[in-house]
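Asks: Whenever a hint applies, use it, and build me the whole structure from the sequences.
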Amino acid sequence: MRYRLAVVLALATLLGGCSRPELRPAPATPQPTSASPTPAPAPSTSAVAPLPGFVVLTDLDPRIHADIRYATPHNFVGRPITGYREPLCLLTRQAAEALRRVQDAALAGGHSLKVYDCYRPQPAVDDFVAWSKHPGEQQTKAEFYPDLAKNRLFADGYIGAPTAHSRGSTLDLTLVDEPAASQPPYRVGQPLVACTAPRGQRFADNSIDMGTGFDCFDPRAHTADPRITGTARDNRRLLQRLMTEAGFVNYDREWWHYSLRDEPYPDTFFAAPVARSSVG
1 MRYRLAVVLA
11 LATLLGGCSR
21 PELRPAPATP
31 QPTSASPTPA
41 PAPSTSAVAP
51 LPGFVVLTDL
61 DPRIHADIRY
71 ATPHNFVGRP
81 ITGYREPLCL
91 LTRQAAEALR
101 RVQDAALAGG
111 HSLKVYDCYR
121 PQPAVDDFVA
131 WSKHPGEQQT
141 KAEFYPDLAK
151 NRLFADGYIG
161 APTAHSRGST
171 LDLTLVDEPA
181 ASQPPYRVGQ
191 PLVACTAPRG
201 QRFADNSIDM
211 GTGFDCFDPR
221 AHTADPRITG
231 TARDNRRLLQ
241 RLMTEAGFVN
251 YDREWWHYSL
261 RDEPYPDTFF
271 AAPVARSSVG
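For what it's worth, UniProt numbering labels the leading residue of the sequence shown as 1, then goes sequentially.
Hints are computed from structural coordinates only; laboratory data are not their basis.
Please note: incorrect hints may appear among the correct ones.
To be verified - Taking lysine to aspartate or glutamate pairs in the DMTMM-like style, the calculated list, with each CA pair at most 20 Å apart, reads:
(1) Lys133 - Asp156
(2) Lys150 - Glu137
(3) Lys150 - Asp218
(4) Lys141 - Asp127
(5) Lys141 - Asp218
(6) Lys150 - Asp126
(7) Lys150 - Asp127
(8) Lys150 - Glu254
(9) Lys133 - Asp147
On a predicted model such as this, the values are computed, not experimentally measured, just so you know.
Replies: Encoded structure:
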């Protein structure tokens, strides 16, 4: 009797186990192969982490002027750059607060700061790299690199990948008289004049004379180029003194380019777009 009972119980257990649904592994995500590559999706606001501790500069100090060129067609590529969704200057709070001290000192001397570029997302740098691989795209050569072959822009250090701008404490800027003069808007298709031309001939930027225009890929844009003399040399030295005293360091190939010496993210390159939503 005990033997028969044991057999019945064993059969019941076996049948009960067979009635449970079979567990199947989740289907694997298809992986691209070399024969059928799949391009990486473009970064989106939801997929990219926000910028920690960043601020919109003009929120912190509305006295500083902004002319964010890469959000417009007026730059060396000739169109708005990927990642610049709004014409804003985003910076780490440390860099922005240091820049506010520079603005105080500039105003005391009758000038104001004007920023051209601040935080630059990594997708924008990727856009520059992609553009450099198309030799026929040279719509703005006559203004921004009139005497330099396009294929020398990276090699000669005028464009970098990666760039310190993507760390959030580097910016491009100039000085304007205060109150600032009006600046005529840039019109796509207007005649281009070399950035190395005299101030009265090149694009009518309301910057004080710095010897060349912004983003001028030419040795004369080097901060201490000996061909820049007189007022323009003095203006470069003034900007350098104001920025150095506030803890910034100049890149000697570009009179407009400065990085905060004690930047909070020296090894981090961010990808969030230039947009107010990126700073929360």
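Asks: State the violated hints by number, sorted upward, taking the hints as numbered earlier in the document.
Replies: none
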